[in-house]
Amino acid sequence: MDTTAARFLQDLDGSRRPDLAETTAGTLRLDMRGEGCTDHWYLTVADQHVRVTRSADDADLLVRADRAVFDQLTSGQLHLAEALLRNELTVRGDMALLMLLRRIFPGPADARHPRALGRAALAGQDKAR
Amino acid sequence: MRQEQVHVIAGNVFAISDAQGDMEVDPQAPVGLFSFDTRFLSRWVLTVDGQRLNALSRDDMTYFETRFFLVPGAASHYVDADVSIIRHRSVHDCFHEQITVLNHSPKPADFTVRMEVGADFTDIAEIADFAQPRPRAVRIAADTDRAALVLRYERERFGRVTTVRSTAPAEVDEGGFTFRISVPPEGAWETTLHASMTMQGEGDRDMRADLESHQQVQRRGMADDLTAWLARAPQLVAERAGLEETYQGALAALAALRYEPLAYTDPVPVGGLPWAMGLCGRDSIITCLQSLAFTPELARATLRMLALLQGGQLDDDHDEEPGKILVQLRYGELAAFGERRNALYYGAADTTPLFVVLLDEYERWSGDAELVRELRHPARRALDWIDEYGDMTGDGYVRYQSRNERHGVVNQAWKDSPDAIADAHGRLPAFPRATCEVQGYAYDAKRRGARLARTFWGDHEYADRLDREAAALKERFNRDFWLPHREYYALALDPYGEQVDALASNIGHLLWSGIVADDRAEAIAEHLLGPRLFNGWGVRTFATDQRPYNPVGSHLGAVWPSDNALIAAGLRHYRFDAHAARIAAGIFDMAQTLGGAVPELIAGYERSLTKYPVQLPSAGRPQSWSSGALLMLLGTLLGLRPTGEDLLVNPALPTGFGGVELLDIPGRWGHTDAYAGDRSTHPGARPRTRRRS
Chain E
203 MDTTAARFLQ
213 DLDGSRRPDL
223 AETTAGTLRL
233 DMRGEGCTDH
243 WYLTVADQHV
253 RVTRSADDAD
263 LLVRADRAVF
273 DQLTSGQLHL
283 AEALLRNELT
293 VRGDMALLML
303 LRRIFPGPAD
313 ARHPRALGRA
323 ALAGQDKAR
Chain C
-12 MRQEQVHVIA
-2 GNVFAISDAQ
8 GDMEVDPQAP
18 VGLFSFDTRF
28 LSRWVLTVDG
38 QRLNALSRDD
48 MTYFETRFFL
58 VPGAASHYVD
68 ADVSIIRHRS
78 VHDCFHEQIT
88 VLNHSPKPAD
98 FTVRMEVGAD
108 FTDIAEIADF
118 AQPRPRAVRI
128 AADTDRAALV
138 LRYERERFGR
148 VTTVRSTAPA
158 EVDEGGFTFR
168 ISVPPEGAWE
178 TTLHASMTMQ
188 GEGDRDMRAD
198 LESHQQVQRR
208 GMADDLTAWL
218 ARAPQLVAER
228 AGLEETYQGA
238 LAALAALRYE
248 PLAYTDPVPV
258 GGLPWAMGLC
268 GRDSIITCLQ
278 SLAFTPELAR
288 ATLRMLALLQ
298 GGQLDDDHDE
308 EPGKILVQLR
318 YGELAAFGER
328 RNALYYGAAD
338 TTPLFVVLLD
348 EYERWSGDAE
358 LVRELRHPAR
368 RALDWIDEYG
378 DMTGDGYVRY
388 QSRNERHGVV
398 NQAWKDSPDA
408 IADAHGRLPA
418 FPRATCEVQG
428 YAYDAKRRGA
438 RLARTFWGDH
448 EYADRLDREA
458 AALKERFNRD
468 FWLPHREYYA
478 LALDPYGEQV
488 DALASNIGHL
498 LWSGIVADDR
508 AEAIAEHLLG
518 PRLFNGWGVR
528 TFATDQRPYN
538 PVGSHLGAVW
548 PSDNALIAAG
558 LRHYRFDAHA
568 ARIAAGIFDM
578 AQTLGGAVPE
588 LIAGYERSLT
598 KYPVQLPSAG
608 RPQSWSSGAL
618 LMLLGTLLGL
628 RPTGEDLLVN
638 PALPTGFGGV
648 ELLDIPGRWG
658 HTDAYAGDRS
668 THPGARPRTR
678 RRS
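These protein sequences, in sequence, are chains E and C.
Residues are numbered in our numbering as their position in the first sequence, beginning at 1, plus a constant of 202.
Numbering follows our numbering, in which position 306 of the second sequence is assigned residue number 293; successive positions increment by one, without gaps.
Hints in this document: simulated from the structure, not taken from any laboratory.
Using N, Cα and C, we set each Cβ at its ideal position, and we do this for glycine too.
Possibly wrong hints are sitting among the right ones.
Pairwise CB distance ranges (calculated) [what the hints assert, rightly or not]:
1. C:Glu357 to E:Gln212: 48 to 58 Å
2. E:Gln279 to C:Arg123: 22 to 32 Å
3. C:Arg123 to E:Gly238: 28 to 38 Å
Full structure from sequences and hints, please.
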């Protein structure tokens, strides 16, 4: 079964993330709507680190969606930009921070590295010979 | 023949109508009012007493504003009307149309004026694909009390709404507005119809209302904005008749094609009308490279925007990889629901190295070291992408093969039509493919990355590594791509290293990137200007004597101004000044013969055969990189090159071109001027550097 967004964020370790720019800093609050209640997750991004806490404080960017939508984003089944265009996810504040979620959440599990296609092409030729 | 179409544009909002100002669905053409890839008005037809109108004349005032002068009745007979109608249309983020009915008779007159209004909310991608647009259930609310008509389309939480309001009272029904009016003798009646376009966000608000970026955009007057834009650009003084107007037209087209994406405050260039009215990574980067001497503000905004949207994960559907620079950004329904996977699409092998090329070139002109420091991380990731993800077979060449078998782009460089990469006999190579010009870009990116690392990032070790890698790439490329018996570089390599032997314009880009060995440059220059490639207006995309050649094939024979601008710059880079001048002369002849905005491409027919440039229906205009091409060609003729803190001016004009002065060129030197005398009339022009602040 896929990891839920809540589980993923809970388990997110505090190690350095070289894929984030040193100059990027800001706070994001993820509001996950469930049955009758909303969970608030608070992400503080600074210095190539992401710190996750539970807080309903105001943030530079507020991101709201049903819990299921966050789960799909986490598993890579739904692309952030598509969720936004579809209005499944709404944002308020500094949009520039939104794309950070694309780096923080893992992508689709079955994604291939381009080299895999390159290797397949070369192997195909070997077979043909 | 299709009737003339009239457009108004403001960034990614545009309206295309017929010559009377009416808009009616045409399955073959994008007629209507569009914003963010969605058609918000598909029917907009004006009648007076039940009669359609006939255009007497039109005043295209600016790119965002047009006036139609109309009378009722057919065009076939002499019109002696007691009534005439003016439609004054403009767009910025909304669409406005002021309708004035003039009674020219000495008696009061009663009229029934009707505006039919409809919206089908079609995604422009459906029209581009000639697909049957899906039927959409549109809810319509007509409100006579408020003189308003609201058309709404919803699919799950996705919602798009058109609201049309009239300033004058009207009877409103689901099909439009009816005005029963009485106009005094020699008098006038008028109303203004406003159409606003909403992308539904949280609650019922427009999603843009919640974005800081969108709120910061100042609602300056469009006219003031255009005036200021033209005033910031250098002034051209030219002896050649019509050249100044052509130059002004290119600047105005670039102004028209700026928009503010959802996540960003500063305007960036869109691709062009009608199919590419969103951010296109490749077109935007090339446009910025072309226009650095003229409108450098575009480059800064584009670099930051592309960095923001840089790829973050491996994702097959979107051909995304970490560090990759996107090629397409779309907002339509098909993108939203993943039917095209192009909300953010990364299927391009060239955008990522070109991003680094643009960052370096922008700094050379602007001296904006701060941006180079700010974008160090995305630039590093782009450079890493070249070797980690671009080099798919491990042979050191950047390649492409889409991982989205259904909707992915087959050819992921600038020649992106499915049949564009073929050998001289028309055989298509296997994937992943390495086209030659992308290797040039990668070489250039590494060299420029080395300069940035050394000068701004304080990382000499990394700079040395990039320089070594660039030198090795150049050597390898000159060994593996060169066709010794034909004396040009292969168009591409297949995955096994076999050469795709077609002669194509791509070899001109190699000069621009500097990857061509010095002793081979002359052969390349001769091929480019030889009869197989050069058609008199410019360099064809594909040489004539090869099987796939087709003069009307976009990438198999047609001539692209944007392609030619890079080729001419490359020729001057290797000191083939006369060759470059011939290309520039041909493209300017083409632009001035056609008039108006430069099309994206023209047919490859021999100029001496057709005398007139043959336009292709697939060619959009205005197009940002076509308009930018004229600017770059001017810069190439003047030989503008930043050298340290100065601007080097080293003119090489075509014979008979007439003298050219370009005044107030912005850059790290403040503002400076460039003068070029036509050698045929003013011999003895010499290179010089100038600085004036």
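For each hint, the structure was consulted:
1. C:Glu357 to E:Gln212: 48 to 58 Å: violated, 39 Å
2. E:Gln279 to C:Arg123: 22 to 32 Å: holds, 26 Å
3. C:Arg123 to E:Gly238: 28 to 38 Å: holds, 34 Å
Checked against the numbered hints given earlier, this structure breaks only hint 1.
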